[in-house]
Amino acid sequence: MNFPVRSSIPKGVSPPSKRSQSPWLLYSVLGGLLCVAFFGSVSVGALKFSLFDAIRHPSSELSFIFWDIRLPRAVLGLIVGATLGLAGAAMQGFLRNPLAEPGILGVTGGAALGAVAVFYTGFATIFPMMLPVGGILGAFVSVLLLYLFAGTLASVQTLILAGVAINVIAFSGTSLMLNLVKDPYAVLDIVFWQMGSLADRSFQHVFLILPFVLAGWCLLLWDGRALEALSLGEETASSLGISLKVLRARIILGTALCVGSSIAVCGSIGFVGLIVPHLLRPFVGYRPGKLLAASALGGAILLLASDVAVRMIPSLVELKLGVVTSILGAPFFLLLIFRMRKKML
Amino acid sequence: MKKTSWVLAGLLFFVANACAANFVVVAKAGAGGSIPRKIVSINLCSDELLLQLVEPERVAALTKFSADPEVSTVASRTKGIKKIQGDIEGVQACGPDLLVGGRFSHKETLRFFKRTGIPVLTFGVPKNFEDIYADIRKLAEAVGAVEKGEAIVQEMQDELVKLKPASGIKKRAVFFQSDNYVPGAGTFENAVMEAAGLRNIAVERGIKDYGRMGLEALIQAKPDVIIFSSEQTKTRTVRGEVLSHPAIKKALPEVRTVTLPTLFLNCGSPASVEAVRILVKETSK
Amino acid sequence: MNLLQAEKLHVELDGFTVLEDVSFSLAKGEIVGLVGPNGSGKTTLLKTLIGALKPQGGFVEILGKPARDFSTQELARQLGYLPQEAEVHWPLAVERIVALGRVPFLMPWEDLKNSDENIIEDAMRATDTLHLKRRRVDHLAGGEKVLVMIARLLAGEPKILLADEPVQGLDPSHALQVMELLRGVVAGGRGVLVVLHDLALASRFCDRILLLHRGKIAASGRPEEVLSPEHLKTSYHIEAKYGNGDGFYVVPWKRI
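Residue numbers (the numbering used here), protein chains in the order written: chain A, 2 to 346; chain B, 5 to 289; chain C, 104 to 359.
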């Protein structure tokens, strides 16, 4: 029996009977937290004003700030956060490895490369839809490469190494392309693509990616039961009627669609897909299928909260979002690896 | 023994050369009395100033940028003049008797030639029109065109006096740049804005040099005029996306937007007066 | 009509012929033991029967219909498969594992119905694992875990059960419990094909035995016929002692 991660419950303590019983309790708690985070996100900004004032006076500049600056930022934060949480849970369920997530494994890197390729060559000005498509293609190639390098049920080392390789290729490619752009200051954009940001995003960005994100979400959420069956291994899942080929196609396509388009408008944001599923797993009885929707909610909460932190931490330059998620996520990642090492020894 | 003496001689030769390089005297500009005839410029801004002051025959080399009409205000005058990168060998090949450059680029080249005795002139970035006048005069003296230099300065000053609007209520303006940067007090952009009779909102907020202004703050400041730099609105960058954020047009439907050609702001030169002219024209409508 | 019929199966893997001319049948109510030395192709045969491997020659019929005419889901409802060393990748609760047996009967968006819950409970009761319902599967002992896996198998109510070495590593008590369970299962009209290394258990609990040697069926029939001294000598290179108190049994004795 191989469990890559030891649970935090020591042996002998009573089993988590209460936790796995009511998913609706979990969803209500998460839903409540999401509302709080969303409200927090639209309330934070350079200007302090009451939201009621903004809504009651539709042509005041407060109203425009609320509807056209803060609201799209919060909505985008919700969408991207949910995407990253969901994709993380789906990848972990499919690869049966709790260290899998789009950032570590190079999917966001590839998406950024694809988006950069479209953004700076002018394609995106002619056909705005090309931008998320570029991100999707980049993400798609990354996931395919990952699968080729590592296969399913690869060891942790192989998987992470494959991710490192893909990330290196993606970063080099992105830097190269930015250096080739005519504007000498374009290279400064690399900070956005590497670290991600929700600043000054508008509803144009939201509507640009919305159809792709929704399609991706559908494909991933559809796989809940298949991922549960996969807990018993590929052969058994297959004998239970799960078509592994179709499942793999849906996971690859679904991940590419929602992650690719999200990164195309927000840059690379990592670790959300690692932290959220890990934290929520005990609350859904470790069921990979139930984890999907919960991780979507959790991811949205985490990203919105991080975006609030970005605006509240006083600094000369507004912190990039990916910095906050990395500050949270990298130590978390190291901790996970450390615990795994202990278990293996 | 013969071998050792050859080695010693070689060593001595090497050491002597190295010492010689340190004892070269730097001649002062114009000390010999003759005007420089093979002037090399390795900075776009000094390219522009140079071509205003001397005939093209006296220019041995300019930068590659000087011929690009999108960034250089003197592109049409650079025909037939050699273009170089700015590296030491390239400059040496021209045999210059005067080297002109900017303080912040090709530092190695400038440092090298300072030691060889050739007159080297470096220019900083002008923060206002007075700096430009000083730069023109400095270069004019070095190339022996003092009168011409004065004439150019006088012309600029006259133009600016003509352009400056009669005192009245000054319009409030902000120069919005990529990544939310706004030039404040002590920047050339600010000098241009003041010369056009505008009040810089960034200065109102106490910003010195280049500061930042969030979109929300921009809207709340309710500017009469928003100025953009043409290069930043033209080329697509992520940092430049904020310049076309829909909230600006929505929240400030009556704001006048002016896009200044980056060309006239790149360098402090007589052409910079064009920037003032455009601003005055657009904001007095 | 037989539950399962295999005709002249020919399976190659990586250019090697693993199964050659394998034909056999599984009838209602019988346990067939699949025995043979390591590497004789037993696991490959099971994987071919569930459709994980495609045979290069021959065919398989389930309930009289060719296996390839079944959709993956229909096949999953008729066949239940328990692989060797059943793995569980997440520390799920026992009742969740057993519930996975119902997957072939649920659409992706459907939840377990009351009827499903009842079947799951019955399966756990039959395997004596009901008291372990809420326990995490990684906290169970080896024997309990196998019983849970079998409960999962039973929860699917398959007509045909294919089990690959289910008693491996179990103590005698649990091993016997598993075999008795399988006997009980076929009493209801199902069929079981079980791969076994333990010839004693095979001789005691199987109605028929298939002896696989180097990819071919060396012998097929009642345990007394198949586990004869000549067959054991040719296939396993061993000698055995035989007994007949309370039924025929075989105990491997010596290598030859």
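One or more of the hints may lead you astray.
Distance condition first, Cα-Cα at most 27 Å in a straight line; then the derived DSSO-like pairs of lysine-lysine [unchecked claim]:
#: 1; chain 1: B; residue 1: 254; chain 2: B; residue 2: 289
#: 2; chain 1: C; residue 1: 357; chain 2: C; residue 2: 344
#: 3; chain 1: B; residue 1: 83; chain 2: A; residue 2: 183
#: 4; chain 1: B; residue 1: 152; chain 2: B; residue 2: 174
#: 5; chain 1: A; residue 1: 183; chain 2: B; residue 2: 238
#: 6; chain 1: C; residue 1: 157; chain 2: A; residue 2: 246
#: 7; chain 1: A; residue 1: 246; chain 2: C; residue 2: 150
#: 8; chain 1: A; residue 1: 183; chain 2: B; residue 2: 118
#: 9; chain 1: B; residue 1: 226; chain 2: B; residue 2: 168
#: 10; chain 1: A; residue 1: 49; chain 2: B; residue 2: 226
#: 11; chain 1: B; residue 1: 118; chain 2: B; residue 2: 68
#: 12; chain 1: C; residue 1: 168; chain 2: A; residue 2: 246
#: 13; chain 1: B; residue 1: 285; chain 2: B; residue 2: 254
#: 14; chain 1: B; residue 1: 42; chain 2: A; residue 2: 183
#: 15; chain 1: C; residue 1: 111; chain 2: C; residue 2: 344
#: 16; chain 1: A; residue 1: 49; chain 2: B; residue 2: 253
Since the hints were made in silico from the structure, they are not lab data.
Tested hints:
1. For the hint pairing residue 254 of chain B with residue 289 of chain B, the CA-to-CA distance comes to about 21 Å; that is within 27 Å, so the pair holds.
2. Among the hinted pairs, residue 357 of chain C with residue 344 of chain C is consistent with the structure: their alpha-carbon atoms are about 9 Å apart, no more than 27 Å.
3. Restraint check for residue 83 of chain B and residue 183 of chain A: satisfied, since their Cα atoms lie roughly 23 Å apart, inside the 27 Å limit.
4. Proximity of residue 152 of chain B to residue 174 of chain B is assessed by CA-CA distance (about 35 Å); at most 27 Å being required, the pair is judged violated.
5. Simply put, residue 183 of chain A and residue 238 of chain B have alpha-carbon atoms about 11 Å apart, close enough for the 27 Å limit, and the pair holds.
6. Distance restraint check for residue 157 of chain C and residue 246 of chain A: the Cα-Cα separation of roughly 15 Å lies within the 27 Å cut-off, and the hinted pair is therefore satisfied.
7. Our distance criterion of 27 Å between C-alpha atoms is met by residue 246 of chain A and residue 150 of chain C, whose separation comes to about 17 Å.
8. Among the hinted pairs, residue 183 of chain A with residue 118 of chain B is inconsistent with the structure: their alpha-carbon atoms are about 33 Å apart, more than 27 Å.
9. Distance check on the hinted pair: residue 226 of chain B and residue 168 of chain B sit about 23 Å apart at the alpha-carbon level, within 27 Å; holds.
10. Under the criterion of a C-alpha separation no larger than 27 Å, the hint pairing residue 49 of chain A with residue 226 of chain B is consistent with the structure, at around 17 Å.
11. Between the alpha carbons of residue 118 of chain B and residue 68 of chain B the distance comes to roughly 23 Å, so the proposed pair stays at or under 27 Å and holds.
12. With a C-alpha separation of about 25 Å, the suggested pair residue 168 of chain C and residue 246 of chain A falls inside the 27 Å cut-off, and the hint holds.
13. The hinted pair formed by residue 285 of chain B and residue 254 of chain B meets the criterion: a straight-line CA distance of about 25 Å does not exceed 27 Å.
14. With a C-alpha separation of about 32 Å, the suggested pairing of residue 42 of chain B with residue 183 of chain A is violated against the 27 Å cut-off.
15. Distance check on the hinted pair: residue 111 of chain C and residue 344 of chain C sit about 33 Å apart at the alpha-carbon level, beyond 27 Å; violated.
16. Between residue 49 of chain A and residue 253 of chain B the alpha-carbon distance is near 22 Å, which keeps this suggested pair within the 27 Å criterion.
Hints 4, 8, 14, 15 from the earlier list are contradicted by this structure; the remaining hints agree with it.
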